[in-house]
Amino acid sequence: MNLKVNGEDRQTDRQTLNGLLEELGILPERVAVEVNLKIIKKADRDKYQLNEGDIIEIVNFVGGG
Amino acid sequence: MQKDKLVIRGIEFKSRFWIGTGKYRDFDETARVVEASGADVVTVAVRRVNITDRNSPNLLDFIDPKRFKILPNTAGCYNVEDALRYSRLARESGISDMIKLEVIGDEKTLFPDTIGLLKATEILAKEGFIVFPYTNDDPVMAKRLEDAGAAAVMPLGAPIGSGLGIRNPYNIRIILEGAKVPVIVDAGVGTASDAAIAMELGCDAVLINTAVAGAKDPVAMAEAIKYAVWAGRLAYKAGRIPRKLYATATSPLEGML
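Just so you know, the sequences run in chain order C and R. Residue numbering for the first sequence follows this note's numbering, beginning at 1 and increasing consecutively. Residue numbering for the second sequence follows this note's numbering, beginning at 1 and increasing consecutively.
Bear in mind the hints are in silico, worked out from the structure with no lab data behind them. Among these hints, one or two may not hold up.
[Unchecked claim] Derived list of chain R stretches under chain C, where covered just means 3 residues or more per stretch with a C-beta under 8 Å from a C-beta of chain C: (1) 19-33; (2) 68-79; (3) 83-90; (4) 133-145.
[Unchecked claim] Heads up, simulated DSS-like pairs for lysine-lysine below, C-alpha to C-alpha not over 27 Å straight-line: (5) C:Lys41 / R:Lys119; (6) C:Lys4 / C:Lys47; (7) R:Lys23 / R:Lys108; (8) R:Lys119 / R:Lys180; (9) R:Lys66 / C:Lys42; (10) R:Lys216 / R:Lys180; (11) R:Lys126 / C:Lys42; (12) R:Lys69 / C:Lys41; (13) C:Lys38 / R:Lys226; (14) R:Lys119 / R:Lys5; (15) R:Lys226 / R:Lys69; (16) R:Lys216 / R:Lys226; (17) R:Lys216 / R:Lys237; (18) C:Lys42 / R:Lys69; (19) R:Lys237 / C:Lys41; (20) R:Lys3 / R:Lys216; (21) C:Lys41 / R:Lys126; (22) C:Lys38 / R:Lys119; (23) R:Lys23 / R:Lys180; (24) R:Lys69 / R:Lys3; (25) R:Lys237 / R:Lys226; (26) R:Lys119 / R:Lys69; (27) R:Lys69 / R:Lys180.
[As the list claims (entries may be wrong)] One side only, chain C facing chain R, incomplete, derived with CB under 7 Å: (28) Leu24; (29) Gly25; (30) Ile55; (31) Ile58; (32) Val59; (33) Asn60; (34) Gly65.
Virtual Cβ for every residue (Gly too), placed ideally from N, Cα, C.
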């Protein structure tokens, strides 16, 4: 399945959002995730089914003023 | 000073020096600076996770959210929609309902777009956010933001990163006179004395990043500003003498030869 993750094209066999995070090696507690501009809550990521062409944004906190 | 605590929406703040985490050499320096500052509020930005480098360090490994109050910002947002989007993402992290709301209106000055700021403040306050809007030193806008549900107002002392200090102390005073919510100077502080001036005016806190991060010795500057904020607050509470044009003798005239 083809996705866009943080602005980059990416292929995955994972079916759920948590699966994708795991594949990317991202600690799920530390991030917020948006799929097609909609925030997917932490509790819902496990059952959230990915679809072809989904645009995914994964963000965390960085240094800032 | 221990009893003189700042409380906003039931949250108790140990320090009146709030510190930003941008522009340090690395997270290790960030951690040392935050420690030296005595701050318990640290601001952070919301950005994409680096998905190409799995081993890139995470800020929260260096700034423990259990020890510090994390205040996410919406820096870099130039319209209401983006500011709302970043705010909601920040809250989804589960660390904080506080948001330092920035809706920027101009790239060169980074002055706020106060029309957008007011709209975003209203929406986020209704959604239950504790909103800290970064605004200009306009007493009317400060009032409007307060009415829109801001938990505090954060007028600039001068443009972000400029180090010009408190350019319009009279406006800050007028904001303080009218405000029912705390007033926190955000942006413009260049060195310790600027922070002291903000506090002497009666501000409830100051938020500083560049003055510390850009100093030759950021850890030492963080410590200097910590004392300046204390000194300024104490001086404010002590009550300064009025300014006069002419001298008043300090020593008695009586008993002179």
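Taking the hints in turn, this is what the structure says about them:
Here's how the region 19-33 of chain R fares: 7 of its residues keep a CB closer than 8 Å to some CB of chain C, so the rule of at least three is met and the hint holds. Residues of the region 68-79 of chain R with a Cβ under 8 Å from some Cβ of chain C number 4, which satisfies the need for three, so the listed coverage holds. Closer than 8 Å: that is the beta-carbon criterion, and the region 83-90 of chain R has 4 residues meeting it against chain C, so the requirement of 3 holds. Counting residues of the region 133-145 of chain R whose CB lies closer than 8 Å to any CB of chain C gives 0, which falls below the minimum of 3, so the coverage claim is violated.
For the suggested pair lysine 41 (chain C) and lysine 119 (chain R), the alpha carbons sit about 25 Å apart, so the restraint of at most 27 Å is met. Simply put, lysine 4 (chain C) and lysine 47 (chain C) have alpha-carbon atoms about 19 Å apart, close enough for the 27 Å limit, and the pair holds. Distance restraint check for lysine 23 (chain R) and lysine 108 (chain R): the Cα-Cα separation of roughly 18 Å lies within the 27 Å cut-off, and the hinted pair is therefore satisfied. Proximity of lysine 119 (chain R) to lysine 180 (chain R) is assessed by CA-CA distance (about 20 Å); at most 27 Å being required, the pair is judged to hold.
As the CA atoms of lysine 66 (chain R) and lysine 42 (chain C) are separated by approximately 20 Å, the hinted pair is consistent with the 27 Å bound. Between lysine 216 (chain R) and lysine 180 (chain R), the direct Cα distance comes to roughly 38 Å. Violation of the 27 Å bound is thereby established for this hinted pair. Between lysine 126 (chain R) and lysine 42 (chain C) the alpha-carbon distance is near 23 Å, which keeps this suggested pair within the 27 Å criterion. A C-alpha spacing of about 22 Å is found between lysine 69 (chain R) and lysine 41 (chain C), which places the hinted pair at or below 27 Å, so the restraint holds.
Between lysine 38 (chain C) and lysine 226 (chain R) the CA atoms are separated by roughly 41 Å; this puts the pair beyond 27 Å, and the hint is violated. Our distance criterion of 27 Å between C-alpha atoms is broken by lysine 119 (chain R) and lysine 5 (chain R), whose separation comes to about 31 Å. Note on lysine 226 (chain R) and lysine 69 (chain R): the hinted pairing holds, with a Cα-Cα distance of about 17 Å set against a maximum of 27 Å. Between lysine 216 (chain R) and lysine 226 (chain R) the alpha-carbon distance is near 17 Å, which keeps this suggested pair within the 27 Å criterion.
Using a Cα cut-off of 27 Å, the hinted pair lysine 216 (chain R) and lysine 237 (chain R) is violated, with the two alpha carbons roughly 32 Å apart. Between lysine 42 (chain C) and lysine 69 (chain R) the CA atoms are separated by roughly 21 Å; this keeps the pair inside 27 Å, and the hint holds. Using a Cα cut-off of 27 Å, the hinted pair lysine 237 (chain R) and lysine 41 (chain C) is violated, with the two alpha carbons roughly 46 Å apart. Between lysine 3 (chain R) and lysine 216 (chain R) the CA atoms are separated by roughly 33 Å; this puts the pair beyond 27 Å, and the hint is violated.
Using a Cα cut-off of 27 Å, the hinted pair lysine 41 (chain C) and lysine 126 (chain R) holds, with the two alpha carbons roughly 20 Å apart. A hinted pair counts as satisfied when its Cα atoms are at most 27 Å apart, and lysine 38 (chain C) with lysine 119 (chain R) qualifies at roughly 21 Å. About 33 Å separates the Cα atoms of lysine 23 (chain R) and lysine 180 (chain R), which puts this hinted pair outside 27 Å; it is violated. In summary, the hint linking lysine 69 (chain R) to lysine 3 (chain R) is supported, as the alpha carbons are separated by about 19 Å, within the 27 Å threshold.
A C-alpha spacing of about 17 Å is found between lysine 237 (chain R) and lysine 226 (chain R), which places the hinted pair at or below 27 Å, so the restraint holds. Straight-line distance between C-alpha atoms of lysine 119 (chain R) and lysine 69 (chain R) comes to about 26 Å, which keeps the hinted pair within the 27 Å bound. Between the alpha carbons of lysine 69 (chain R) and lysine 180 (chain R) the distance comes to roughly 23 Å, so the proposed pair stays at or under 27 Å and holds. Proximity of leucine 24 (chain C) to chain R holds as hinted, the smallest CB-CB distance being about 5 Å (cut-off 7 Å).
Hint status for glycine 25 (chain C) relative to chain R: holds, with the closest Cβ pair at about 4 Å, below 7 Å. Because the beta carbon of isoleucine 55 (chain C) sits about 12 Å from the nearest beta carbon in chain R, more than 7 Å, this interface hint is broken. Annotation: interface hint on isoleucine 58 (chain C) holds; nearest CB of chain R at approximately 5 Å, less than 7 Å. The beta carbon of valine 59 (chain C) is positioned within 7 Å of a beta carbon in chain R (closest approach about 5 Å), and the interface hint is therefore held.
Given hint, asparagine 60 (chain C) at the interface with chain R, holds; its Cβ is 5 Å from that chain's nearest Cβ, closer than 7 Å. With its C-beta approaching chain R no nearer than about 3 Å, glycine 65 (chain C) sits inside the 7 Å limit, and its interface hint holds.
The structure shown violates the earlier hints numbered 4, 10, 13, 14, 17, 19, 20, 23, 30.
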